[in-house]
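Peer 1: Each chain, written out:
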Amino acid sequence: MSLDWSLFKDRYQDIIPEFDLFLKKLEEPLPIGLREAVFHQIPYKLEEKLTREGEEFNKPFDDLPFYEVFGERKRWGGDIDHHLGLYFMQALSSLLPVIALGPKKGEVILDMCAAPGGKSGFLAEKMENSGKLVCCEPDLNRRRVLKANLSRLGVFNCLIFAGKGQELSFSSGSFDKILLDGPCSSEGTFRHEVLKGKKRREVNYMTYNEAFRKRLHIEQAELLDKAYDLLKPGGVLVYSTCTYDPDENEGAIDSFLKRHPDCSLKDLEFSKEVDEKLRPGLTHYKSPYDPSLSLTRRVYPHIFNSIGFYVAKIVK
Amino acid sequence: MSPKLLSNEDRHEVITYAETRYGVNPSVWKNLDLIKRKEGVWLIPKGVWSEEEDHLWESTGLRVLSGKSFPYKITMSFVQTFFPEIMKNKIEVTELEALTFLRRMNIDSEGHKDFQGLTKGYYIFCFEGKPLGIALKTDRELVSQVPKSFAAQLGKNLKLKFGDK
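Chains as they are written, first to last, in the numbering used here: chain A, 914 to 1229; chain B, 154 to 318.
Chain B with its partners taken away, still in its complex shape (with noise of 0.2 Å):
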């Protein structure tokens, strides 16, 4: 499929589930124009991109949330470009359990009190305020959403605390 530029109805589903599910103000999206491929959505700066280019482009700007179609799945470069927008459906964890997820093993939620309730989707998991990786909430698991690579690059003795050498 190649890349286009989301119809305005479509623009408008993507920035309300951005603003209900993680209370990203619609705003931010102002200056942005957001493309469709493939696998996933891609945003770029208003105006870079059209369709009439005929370059073989490998990409357009930054995927923010990946899937074919909705529910779509936020990524750490949604994350990472909108983290101090982002008012709901951060989740602090230990740094035991964000050891557990960046090492793609999965938390049993429904014997966790924090975890109890969450309603299912995805959500952003952070260590210290920072933001590590996404989960998915299922019936009874916190899914690990952390890439094999990643999980991999990140070797067997990660820390996340250290104390004064």
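In isolation and in its complexed conformation, chain A is listed as follows (with noise of 0.2 Å):
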């Protein structure tokens, strides 16, 4: 059954390219994504499953250890592989804010809103398993999932802090990148919501209520102030939610600039292939942004086949 996309339509349908395109697509099965998890020890190459077992897959770009597979979500969340750490499932647009960000071995990283570990354990590739990165997430059975996805995936180099980002006592500048993947509306995950059909009233919660909204602005501020005290001077910080709403997304980091001039965008530096498929961030909606807001982008399902997501590249 289709939802009911009127107060999207009222929303974005100014701001979205190719708007039709985009309501159908929302339609349209999301592939399931799987990624190679590359730093466990077990001799293994996820192609060379897809390849013998006779699956149709597809891998969307050449750079990223990533493919897509089609079918039922159980037969990959079932499978010995995914239970042994060899490769995690999660959506293609869920990498980006970690290439944004540039995890490097050695480096102290945090990662404010971590459950449920997909991008965390992206994250700890990237630093080899090693340096230091610590995980916050304040839900306890958020957190069993971050646990279990982070130790499947044999992440050490980790420590999983049990509360909100804003109440870690780690002294200013402590870390060299943060990584702020904030709570929002998930409206860029309305696609799974629609294949699942049973969360219609989350989905219409989310879309309809703005005293929701209103209290997502807010914890939204005090985690990027919470993060921008915990940057060392030089430090990456990268911000990045799931959902379409320009006032969590560009308006969150407009504010964010004016509070800390000593703050800039930067840009995200994907590759080619990748960032012809984004779109750049709005620099005005009900009021004019900071132009630089052009340096963040926009991942619309349409034109990059996965969820809904937006990537902003600050450094301090």
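No lab work stands behind these hints, which were simulated from the structure alone. Keep in mind that the hints are not guaranteed to be accurate.
Covered by chain B, according to a simulated footprint, are these stretches of chain A (three or more residues, beta-carbon under 8 Å) [unchecked claim]:
id, region
1, 942 to 949
2, 1035 to 1049
3, 1060 to 1074
EDC-like, lysine to aspartate or glutamate: derived pairs with alpha carbons at most 20 Å apart [stated by the list, open to error]:
id, chain 1, residue 1, chain 2, residue 2
4, B, Lys283, A, Glu966
5, B, Lys183, B, Glu172
6, B, Lys283, A, Glu961
7, A, Lys1077, B, Glu206
8, B, Lys312, A, Glu968
9, B, Lys312, A, Asp923
10, A, Lys962, B, Glu281
11, B, Lys283, A, Glu949
12, B, Lys243, A, Glu941
13, A, Lys1077, B, Glu211
14, B, Lys312, A, Glu966
15, B, Lys312, A, Glu1041
16, B, Lys312, A, Glu960
17, A, Lys1139, B, Asp207
18, B, Lys183, A, Glu966
Heads up, the beta-carbon is just placed ideally off N, CA and C, and yes, glycines get one too.
Each of the two chains sits in its own frame; use the hints to bring them together as a complex.
Peer 2: In structure tokens:
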């Protein structure tokens, strides 16, 4: 059954390009994403497995260890190799914030909203399981999932903090890099929700409830300010969400830049192949934003076949 | 019990156990710290965690040994992390045996010529060279140590070998 997208239309038809194609894409099944986990010590090639088992698959980008497969999600979630941490199921868009952050061996990195752990696992992989990765998650159940996923992936450079990112008591400037994939209205994932059908009530709540959005704006600003404090001068902060809402994306960053004029936006440095499927951030919505917001990127599912996303890279 | 770095003596004991039981070269531990928590021993890069940390850490690195004290049980995380270094006590099993273990059922080792003569202790069972889990050799049986949740998620139609479609 199709969802009622009327408010979506009111909000976004003027800012999302090719809006009819966008709406059509939301009704299509989302490919299942498998990221090959490369740092475990068990000899393994995901592509060989997919070929050997006669699976239909697609590798969207040559430089990403990522495959799209089809069929039922439980087939991939129940596979022994998944349980051994040889691959991880995640959306292609969710790799982008990690690539933008550019984690390196030996760095001290904070993942402020870490569960369920797909990005944290990819961060650890890029860090070659060295340095220090601090992951925050206040919710017990989500933390259990995070812990299980990182354990399955063989991540050992990680400390999991049982609390909100705002509650960390590290001294100012403790981190080289920070990933803030903040709480958001999750509109970008509504492709999933269309598939599941059963979450319609939740979709409607997140789409229509203004009080819920206002609470999110406050929390996003708090997290951004905490990230600013914890980031060392010259450090990199990547802010991302899985929503299309400019108030939670460009609006949040525009306000942040006004509060912290020593910070600036930087180019995300994706490969040309990836970047040509992304769209620049808005420089105007309700009122003008800082022109540098065009350096941020929006991910639309009808152009980049995954879930909707937003990514911004800030240097202190 | 709050986390503590293993004392030199306890660290030596763990490294010696890994070497004597599984053939893991002691040099692999050089840049790694070992932390004792109530549910086992955790692995973390050297210097990343200190006992002065005042945060409420849910986990510190990766749990490589479970249990309160010796005899510890190795975890699958141990196997994943050190697999190329593990030279001893890996047993290659048939597909049927692997499926038996993965379904949390045990194998009568006395009636099985390949498993006779195994000493008591934990073994890593492998299928076609890939480690799938851990089994405990008791007097008469190889007892599957596959966690319940893991077995449940694998599903009834689990296959390990696939023909060309």
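Peer 1: Indicate, hint by hint, whether the structure satisfies it.
Peer 2: Results for each hint:
{"no.": "1", "hint": "942 to 949", "in the structure": "violated (count 0)"}
{"no.": "2", "hint": "1035 to 1049", "in the structure": "holds (count 4)"}
{"no.": "3", "hint": "1060 to 1074", "in the structure": "holds (count 11)"}
{"no.": "4", "hint": "Lys283/B - Glu966/A", "in the structure": "holds, 17 Å"}
{"no.": "5", "hint": "Lys183/B - Glu172/B", "in the structure": "holds, 14 Å"}
{"no.": "6", "hint": "Lys283/B - Glu961/A", "in the structure": "holds, 14 Å"}
{"no.": "7", "hint": "Lys1077/A - Glu206/B", "in the structure": "holds, 17 Å"}
{"no.": "8", "hint": "Lys312/B - Glu968/A", "in the structure": "holds, 15 Å"}
{"no.": "9", "hint": "Lys312/B - Asp923/A", "in the structure": "violated, 49 Å"}
{"no.": "10", "hint": "Lys962/A - Glu281/B", "in the structure": "holds, 13 Å"}
{"no.": "11", "hint": "Lys283/B - Glu949/A", "in the structure": "holds, 16 Å"}
{"no.": "12", "hint": "Lys243/B - Glu941/A", "in the structure": "violated, 46 Å"}
{"no.": "13", "hint": "Lys1077/A - Glu211/B", "in the structure": "holds, 13 Å"}
{"no.": "14", "hint": "Lys312/B - Glu966/A", "in the structure": "holds, 11 Å"}
{"no.": "15", "hint": "Lys312/B - Glu1041/A", "in the structure": "violated, 32 Å"}
{"no.": "16", "hint": "Lys312/B - Glu960/A", "in the structure": "holds, 18 Å"}
{"no.": "17", "hint": "Lys1139/A - Asp207/B", "in the structure": "holds, 18 Å"}
{"no.": "18", "hint": "Lys183/B - Glu966/A", "in the structure": "violated, 40 Å"}
Consistency with the previously given hints fails for numbers 1, 9, 12, 15, 18, ordered from lowest to highest.
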